[in-house]
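Visitor: If you read the protein sequences in the order shown, they are chains A and B.
FYI, in our numbering the residues of the first sequence are 193 to 298.
FYI, in our numbering the residues of the second sequence are -1 to 203.
Hints were generated in silico from the structure; no laboratory data involved.
Keep in mind that this is a model prediction, so the values were computed, not measured.
Don't be surprised by glycine CBs; every beta carbon is placed ideally from N, CA and C.
Careful: at least some of the hints might be erroneous.
To give a feel for the contact side, a few chain A residues facing chain B, derived at Cβ under 8 angstroms [to be verified]: (1) Ser214; (2) Val217; (3) Arg223; (4) Val227; (5) Ile236; (6) Val263; (7) Leu275; (8) Gln294; (9) Met296; (10) Lys297; (11) Trp298.
Once the Cα atoms are required to be at most 27 angstroms apart in a straight line, the calculated DSSO-like pairs of lysine-lysine come out as [what the hints assert, rightly or not]: (12) B/Lys189 x A/Lys286; (13) A/Lys286 x B/Lys34; (14) A/Lys286 x B/Lys152; (15) B/Lys190 x A/Lys285; (16) A/Lys285 x B/Lys152; (17) A/Lys297 x B/Lys152; (18) A/Lys285 x A/Lys297; (19) A/Lys286 x A/Lys297.
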Amino acid sequence: MNPVINGIPVHYLLGLAGILFSIGVLGVLIRRNIVIIFMSVELILNSVNLVFVTFSKALSHINGETIVFFVMAIAAAEAAVGLALVIAIFRHKKSTNVDELQSMKW
Amino acid sequence: MDEIIYMNLETSPSLLLFVFFGTVTVITALSVIFQKNPVVSAVSLVFTFFSLAGIYGIMGALFIATMQVLVYAGAIMVLVVFVLMLLSQRAETMSRYRKHPIRLVLLTVFVIGFFFLLYSALTTGVPHSEQMGKGYENAEYSFPIQGTATVNAKGNVATVGASTYLDYLLPFEMISILLLVAVLGAVILAKKKLTEIDQTKDTVL
Chain A
193 MNPVINGIPV HYLLGLAGIL FSIGVLGVLI RRNIVIIFMS VELILNSVNL VFVTFSKALS
253 HINGETIVFF VMAIAAAEAA VGLALVIAIF RHKKSTNVDE LQSMKW
Chain B
-1 MDEIIYMNLE TSPSLLLFVF FGTVTVITAL SVIFQKNPVV SAVSLVFTFF SLAGIYGIMG
59 ALFIATMQVL VYAGAIMVLV VFVLMLLSQR AETMSRYRKH PIRLVLLTVF VIGFFFLLYS
119 ALTTGVPHSE QMGKGYENAE YSFPIQGTAT VNAKGNVATV GASTYLDYLL PFEMISILLL
179 VAVLGAVILA KKKLTEIDQT KDTVL
């Protein structure tokens, strides 16, 4: 395993990815706007992509970068379906606040 | 391993660029979740995606950097901003957490602890970290073609392409079916029912 990629230590890249993931989790937890929760999920996916690219470079193995391509395609599909759901819910409830979407609350 | 890392921490331009892009990434990501106006959050997210593309470029993953700009900063953000404009957002209040600052502090402490767990798991849990990857080099991938000897794909983009179409051909085709299904599902979810058109003609959407 190569501990330095192009002069950047692997620890720094993993730390940046961890910070991004934690910011995404914090955004999902504290925000009530459904579109911003959606953007936080995009942040989480991006941090996972960063980890994949880092290990791909550190282990000299190209498969990580190939999988990042698939993650991006799935994120695009998720964006299409998720935003269509947001529009359908907004038309029904006239709100994007997740606190008011509790008709499935048990 | 630590000695090697600290030896290399001279003023290399790529490290300085990484520090710059990393700082921009963290600041704009924090701005995404703490801005009140969702449109400002979306613009901050665009900056996060661009600086991540810069980091991928420094690491030499040029294909991923290009895809980051095209797919994330281009396509997905256009979709998000389009939906934001369609929804007529009010500036959201975070009053629930302003009223209970203890809850916000507890959540933040939980997330910081979560970060350290994640970081230690990432740095210690690398499988087979001592051996190099088999069959691939960083910018070179050799593959057999019928009737000839093996051919080398050189450069990042060619390597990723060869790996996608030789080793991951079935997942690639499945991704195309998934995208088709997602687009059909999005159209079905977002369209109005035919019987509702007369009743909702005067509403916003």
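Visitor: It remains to establish, for every hint, whether it holds in the given structure.
Guide: For each hint, the structure was consulted:
| no. | hint | verdict |
| --- | --- | --- |
| 1 | Ser214 | 4 angstroms, holds |
| 2 | Val217 | 6 angstroms, holds |
| 3 | Arg223 | 6 angstroms, holds |
| 4 | Val227 | 6 angstroms, holds |
| 5 | Ile236 | 11 angstroms, violated |
| 6 | Val263 | 10 angstroms, violated |
| 7 | Leu275 | 5 angstroms, holds |
| 8 | Gln294 | 14 angstroms, violated |
| 9 | Met296 | 17 angstroms, violated |
| 10 | Lys297 | 17 angstroms, violated |
| 11 | Trp298 | 22 angstroms, violated |
| 12 | B/Lys189 x A/Lys286 | 16 angstroms, holds |
| 13 | A/Lys286 x B/Lys34 | 19 angstroms, holds |
| 14 | A/Lys286 x B/Lys152 | 54 angstroms, violated |
| 15 | B/Lys190 x A/Lys285 | 14 angstroms, holds |
| 16 | A/Lys285 x B/Lys152 | 54 angstroms, violated |
| 17 | A/Lys297 x B/Lys152 | 55 angstroms, violated |
| 18 | A/Lys285 x A/Lys297 | 15 angstroms, holds |
| 19 | A/Lys286 x A/Lys297 | 18 angstroms, holds |
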